[in-house]
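These protein sequences, in sequence, are chains A and B.
With numbering that gives the first Met the number 0, the residue at position 278 of the first sequence is 277, and numbering never jumps.
With numbering that gives the first Met the number 0, the residue at position 139 of the second sequence is 138, and numbering never jumps.
The set of hints was computed from the structure by calculation and includes no laboratory data.
Be careful, since some hints might not be right.
Unchecked claim - A partial selection of chain A residues facing chain B, derived with a Cβ cut-off under 7 angstroms:
#1 V24
#2 V26
#3 L218
#4 D252
#5 D259
#6 S263
#7 R289
#8 S301
Every residue, glycine too, gets a C-beta built ideally from N, C-alpha and C.
Protein chains: 2
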Amino acid sequence: MTDQVTTVSIRDVTPRDGLQAGSPVSVAARAELAVALADAGLAHVEAVSFVSAEAVPSMAGADEVFRLLPGGRTVWWALVPNARGARAALAAGAGSVTVTVSASSAYSEKNVRRTTVEALAGLAEIAGVPGASGAAFDIVVSCAFGSPFDDVRSPAPVIEVVEEALRVIPEARITLADTTGTATPRRIAAVLAELDAKATSDLGLHLHDTRGTALANALWALEQGILRFDTATGGLGGSPFAPGAGGNLATEDLVLMLEDLGVSTGIDLDALLRIAGSLPALTGHAVPGRTALAGPLPTFDSRLPSE
Amino acid sequence: MTDQVTTVSIRDVTPRDGLQAGSPVSVAARAELAVALADAGLAHVEAVSFVSAEAVPSMAGADEVFRLLPGGRTVWWALVPNARGARAALAAGAGSVTVTVSASSAYSEKNVRRTTVEALAGLAEIAGVPGASGAAFDIVVSCAFGSPFDDVRSPAPVIEVVEEALRVIPEARITLADTTGTATPRRIAAVLAELDAKATSDLGLHLHDTRGTALANALWALEQGILRFDTATGGLGGSPFAPGAGGNLATEDLVLMLEDLGVSTGIDLDALLRIAGSLPALTGHAVPGRTALAGPLPTFDSRLPSE
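Work the whole structure out from these sequences, hints included.
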């Protein structure tokens with residue numbers, strides 16, 4: 000089935016999801032990382048989060064980071080947690096905004112001290128901020144394939160959140176997030192089958208590798224027609240220090256597999272590996288991504304006999 | 000396509016591939032590990048290697064380990080490097096023997112100081128050892144999806160080794176090994192397509208996670224009809240201390256994905272995770288397997304709407 004796929008869109012979320020749980024890194028270094036990713040061919044980069052600096056010190060100075068990002072072809076995404084964040088993001092010039100709503104109310108309460116219903120009300124507030132109508136929105140539905148608090152036991156609550164979110168912002172894209180790495184090929188198939196029935200248009204996946212399934216899930220989703228993925232270089236993300244936490248699907252692992260499959264990503268793997276190689280110095284710890292350690296593939300003529 | 004697959008056979012190679020590159024572990028602990036794996040439901044366990052104790056100290060005392068393994072339903076595999084090893088294995092009572100021949104002559108020379116042609120001649124010597132005709136053979140073709148020395152640049156040398164090996168031992172099963180983690184879905188498809196044309200019967204895969212691709216490769220191979228995999232609990236294997244080396248596909252990661260897909264493995268995931276949890280104490284280092292750290296999945300009803 001992948002024979003028909005020629006292009007996949009990857010959004011690298013390293014400067015946001017990759018760095019948010021770690022020790023703070025300077026504004027200049029965060030902007031430099033975002034620009035390096037763009038230079039490596041990433042057309043979409045989630046560069047900042049307009050959260051409160053008290054809550055997430057590593058994301059402080061989002062507006063300063065944003066000011067250092069060049070205009071041009073790169074789409075710079077800014078995560079906003081609420082209307083206040085949305086106002087700050089729009090004031091800084093952000094034109095592409097991600098908002099997270101969790102399918103797990105328990106996770107939502109723990110993470111942002113709001114139930115899912117309250118988070119959806121918050122989404123409406125964000126959409127009502129002056130200037131918001133001019134922005135592109137990506138609604139990231141977290142815990143979309145199961146919850147660590149066991150309150151997402153089927154696709155049903157995920158579909159409900161997607162439907163409600165699209166009622167609030169009909170033109171938004173939707174990204175299903177496997178926040179704690181509980182997705183499997185079958186769970187993805189089950190959620191996509193239900194969503195297909197609802198004819199959701201622009202759908203992406205945000206995968207974490209908590210149980211080593213991220214790349215297999217991406218491959219499976221690709222076969223099911225998903226052409227948009229969130230990843231982080233070096234597989235950063237989550238907390239590398241918390242037992243059981245897992246980083247994002249590594250950008251370079253996905254690029255390596257896709258390009259080998261003949262699917263174009265527009266991304267320079269060597270440049271990406273150089274960025275991955277710079278991350279231990281930036282973050283102060285090793286990265287979990289495996290291609291980052293192993294390097295690119297040796298040559299192999301994998302044309303099929305029929306080609 | 001996986002809807003048609005109901006059972007997959009997994010051979011756990013932890014006591015051999017998982018421990019061979021580490022500090023030596025006692026004979027009793029190695030036997031205990033092998034038995035624990037069998038008790039968790041592994042019907043096939045590669046328990047020992049009859050290599051020279053000087054060359055690989057961690058594998059010394061293979062015959063002693065073998066004597067501690069109970070008879071019954073478990074198939075205990077013994078790796079043998081040459082005729083001398085085969086004689087020792089058969090004398091110890093091994094009835095199932097793995098022999099490795101590398102598709103990469105450069106790797107073969109570095110690993111066992113023999114070219115591929117010499118290794119194939121060695122295979123004939125092994126087959127000629129008295130009693131060998133009564134044993135089951137699995138010929139593991141290493142570097143089957145590319146070589147770190149860049150001398151396996153297409154499926155051709157792999158097919159040649161398989162064909163020659165089957166000329167020597169026609170009833171042998173063949174296991175294609177991704178020794179240094181260079182396999183990708185496409186490379187696997189290319190090799191399988193060539194082998195299909197040769198109508199090889201019993202084909203398995205031995206995958207390493209050097210570039211994070213092991214589980215995606217397994218999923219892809221499963222879709223192509225491969226029903227037999229080598230894995231190691233905790234993702235042990237290779238050298239955890241050498242930059243770029245990657246462990247085996249983790250048994251528990253594969254079991255988790257397969258069981259979630261509705262494919263039966265006969266393996267108790269909880270028991271497997273307990274074994275994985277015991278490995279850091281046994282080996283003296285953390286294991287790379289991710290489910291080993293994260294634990295099993297929360298509940299999720301992933302029946303498809305049509306079911």
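Right, here's what the structure says about each hint:
{"no.": "1", "hint": "V24", "in the structure": "violated, 24 angstroms"}
{"no.": "2", "hint": "V26", "in the structure": "violated, 31 angstroms"}
{"no.": "3", "hint": "L218", "in the structure": "holds, 5 angstroms"}
{"no.": "4", "hint": "D252", "in the structure": "holds, 4 angstroms"}
{"no.": "5", "hint": "D259", "in the structure": "holds, 4 angstroms"}
{"no.": "6", "hint": "S263", "in the structure": "violated, 14 angstroms"}
{"no.": "7", "hint": "R289", "in the structure": "holds, 4 angstroms"}
{"no.": "8", "hint": "S301", "in the structure": "holds, 4 angstroms"}
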